[in-house]
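Engineer: Read off the chains here:
Number of protein chains: 2
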Amino acid sequence: MNKLNKNLKMSSASIPTIRRLPAYLYLVRRAKDEGLVIISGTVIANELDLEPIQVRKDLASTGIIGKPRVGYQVSDLITAIEEFLNWDKKHDAILVGAGNLGSALLGYKEFSKNGLNFLAAFEADELKIGKKINGIKVMNIDVVHDFIQKENIQIAVLTVRSGIAQEVTDKIIDAGIKTIWNFTKVKIKVPKDVLLLKEDLSSSYAVLSVYS
Amino acid sequence: MNKLNKNLKMSSASIPTIRRLPAYLYLVRRAKDEGLVIISGTVIANELDLEPIQVRKDLASTGIIGKPRVGYQVSDLITAIEEFLNWDKKHDAILVGAGNLGSALLGYKEFSKNGLNFLAAFEADELKIGKKINGIKVMNIDVVHDFIQKENIQIAVLTVRSGIAQEVTDKIIDAGIKTIWNFTKVKIKVPKDVLLLKEDLSSSYAVLSVYS
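Chains as they are written, first to last, in numbering that gives the first Met the number 0: chain A, 0 to 211; chain B, 0 to 211.
These aren't lab readings, by the way, just hints derived from the structure by calculation. Keep in mind the model is a prediction, meaning the values are calculated, not measured. Glycine is no exception: its CB is placed at the ideal position from the N, C-alpha and C atoms. Hints may be right or wrong, so weigh each one.
Derived DEER-like restraints, expressed as beta-carbon distance ranges [stated by the list, open to error]:
#: 1; chain 1: A; residue 1: 75; chain 2: B; residue 2: 118; range: 24 to 32 Å
#: 2; chain 1: B; residue 1: 142; chain 2: A; residue 2: 144; range: 29 to 37 Å
#: 3; chain 1: B; residue 1: 142; chain 2: A; residue 2: 75; range: 25 to 33 Å
#: 4; chain 1: A; residue 1: 190; chain 2: B; residue 2: 32; range: 51 to 59 Å
#: 5; chain 1: A; residue 1: 149; chain 2: B; residue 2: 145; range: 52 to 60 Å
#: 6; chain 1: A; residue 1: 190; chain 2: B; residue 2: 148; range: 47 to 55 Å
#: 7; chain 1: A; residue 1: 59; chain 2: B; residue 2: 131; range: 30 to 38 Å
#: 8; chain 1: A; residue 1: 149; chain 2: B; residue 2: 75; range: 47 to 55 Å
#: 9; chain 1: B; residue 1: 74; chain 2: A; residue 2: 134; range: 42 to 50 Å
#: 10; chain 1: A; residue 1: 41; chain 2: B; residue 2: 131; range: 23 to 31 Å
#: 11; chain 1: A; residue 1: 210; chain 2: B; residue 2: 148; range: 18 to 26 Å
Okay, derived cross-link-like pairs now, PhoX-like style, lysine-lysine, Cα gap no bigger than 25 Å in a straight line [stated by the list, open to error]:
#: 12; chain 1: A; residue 1: 197; chain 2: B; residue 2: 56
#: 13; chain 1: A; residue 1: 184; chain 2: B; residue 2: 149
#: 14; chain 1: B; residue 1: 108; chain 2: B; residue 2: 131
#: 15; chain 1: A; residue 1: 186; chain 2: B; residue 2: 108
#: 16; chain 1: B; residue 1: 89; chain 2: A; residue 2: 184
#: 17; chain 1: A; residue 1: 149; chain 2: A; residue 2: 184
#: 18; chain 1: B; residue 1: 131; chain 2: A; residue 2: 197
#: 19; chain 1: A; residue 1: 108; chain 2: A; residue 2: 131
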């Protein structure tokens, strides 16, 4: 995708819309598995507990318009969402930190099915280096800089322990990483041109432990 | 904690405040490890990229007030946050679905350190039943109903595959589960008196794949 298309696309959907699109996609894929050819916006809205107007607006941002009082062609809708999300393309990435959570992410089919392509995992623990986890080779963290540059990797999933999160972040950004998906509990600092996504399991656990 | 205290506590902090508290706790625990005795609200605010007034307000909801122009006693602050979050108490729970993600959660020290206590994991896969994952025994999903009732479990972490998520949810709620932490990609339906927390890894991946 060239820069212009990318920018056009960026302006056509808000972050909350983008965050909702996977739920639409899963629902419509399931409808396809069940043999449905057409699905209405109202059915989608009911299933996901959203307003029908919201659903139509969200789906319109992928470029697809349903037929009034009929709905969407299931296969067209799947294609439109997949293309919009770039889930029909490969996203080469590395995992940094192959502990329990990192290992789970390497084997999480949900991501690989939708384009996330781990080329390698990096670890300081010598017992893990050289082994494979869920089919992905584990390499020495000392060579991560070279690997990123050689393979031109732009996406890193960060699952190291908190104490070294910022240090590792600085190192991989210096090597060329442009997107970091941070699963550590630390708020890491990145330059403005780096996209940072934080996955924060502790926040939900906090709500759970206060209210349950 | 009795009902009254619980209700008083509920009214004293908003959900966004509760979601931010773990980040404060990790920062202050780290400060303690580094030998700090006092920490100022401004330092906390800078570290977490928040406004100082926000930090003081959030921390005040745990019942702790810093000294003007001095700050907070590190150990008092840790205790106040841990007590407020109930992270100083055990939260008995079960895991339902011992795939990759589920297995990782069983071994995620971050949760166990803060009170989450998995008593068992439940699976339909006969190859896993009877084994242990990260020290937690894996039991047959067929006995989950009995287990919940016998052990009076109220918290379930849901990591089954999407196709059976609703069916399993109905079953465990019928058995007495009052809190579900949903890691599946399905939007499950629960009665009003059940607390539902959704962890949605796909939403972040959607943003990542559109923008990177």
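Engineer: All hints, please: hold or fail.
Structural biologist: Against the structure, the hints come out as follows:
| no. | hint | in the structure |
| --- | --- | --- |
| 1 | A/75 to B/118: 24 to 32 Å | 47 Å, violated |
| 2 | B/142 to A/144: 29 to 37 Å | 50 Å, violated |
| 3 | B/142 to A/75: 25 to 33 Å | 45 Å, violated |
| 4 | A/190 to B/32: 51 to 59 Å | 28 Å, violated |
| 5 | A/149 to B/145: 52 to 60 Å | 55 Å, holds |
| 6 | A/190 to B/148: 47 to 55 Å | 54 Å, holds |
| 7 | A/59 to B/131: 30 to 38 Å | 50 Å, violated |
| 8 | A/149 to B/75: 47 to 55 Å | 50 Å, holds |
| 9 | B/74 to A/134: 42 to 50 Å | 46 Å, holds |
| 10 | A/41 to B/131: 23 to 31 Å | 47 Å, violated |
| 11 | A/210 to B/148: 18 to 26 Å | 22 Å, holds |
| 12 | A/197 to B/56 | 23 Å, holds |
| 13 | A/184 to B/149 | 35 Å, violated |
| 14 | B/108 to B/131 | 16 Å, holds |
| 15 | A/186 to B/108 | 19 Å, holds |
| 16 | B/89 to A/184 | 21 Å, holds |
| 17 | A/149 to A/184 | 29 Å, violated |
| 18 | B/131 to A/197 | 31 Å, violated |
| 19 | A/108 to A/131 | 16 Å, holds |
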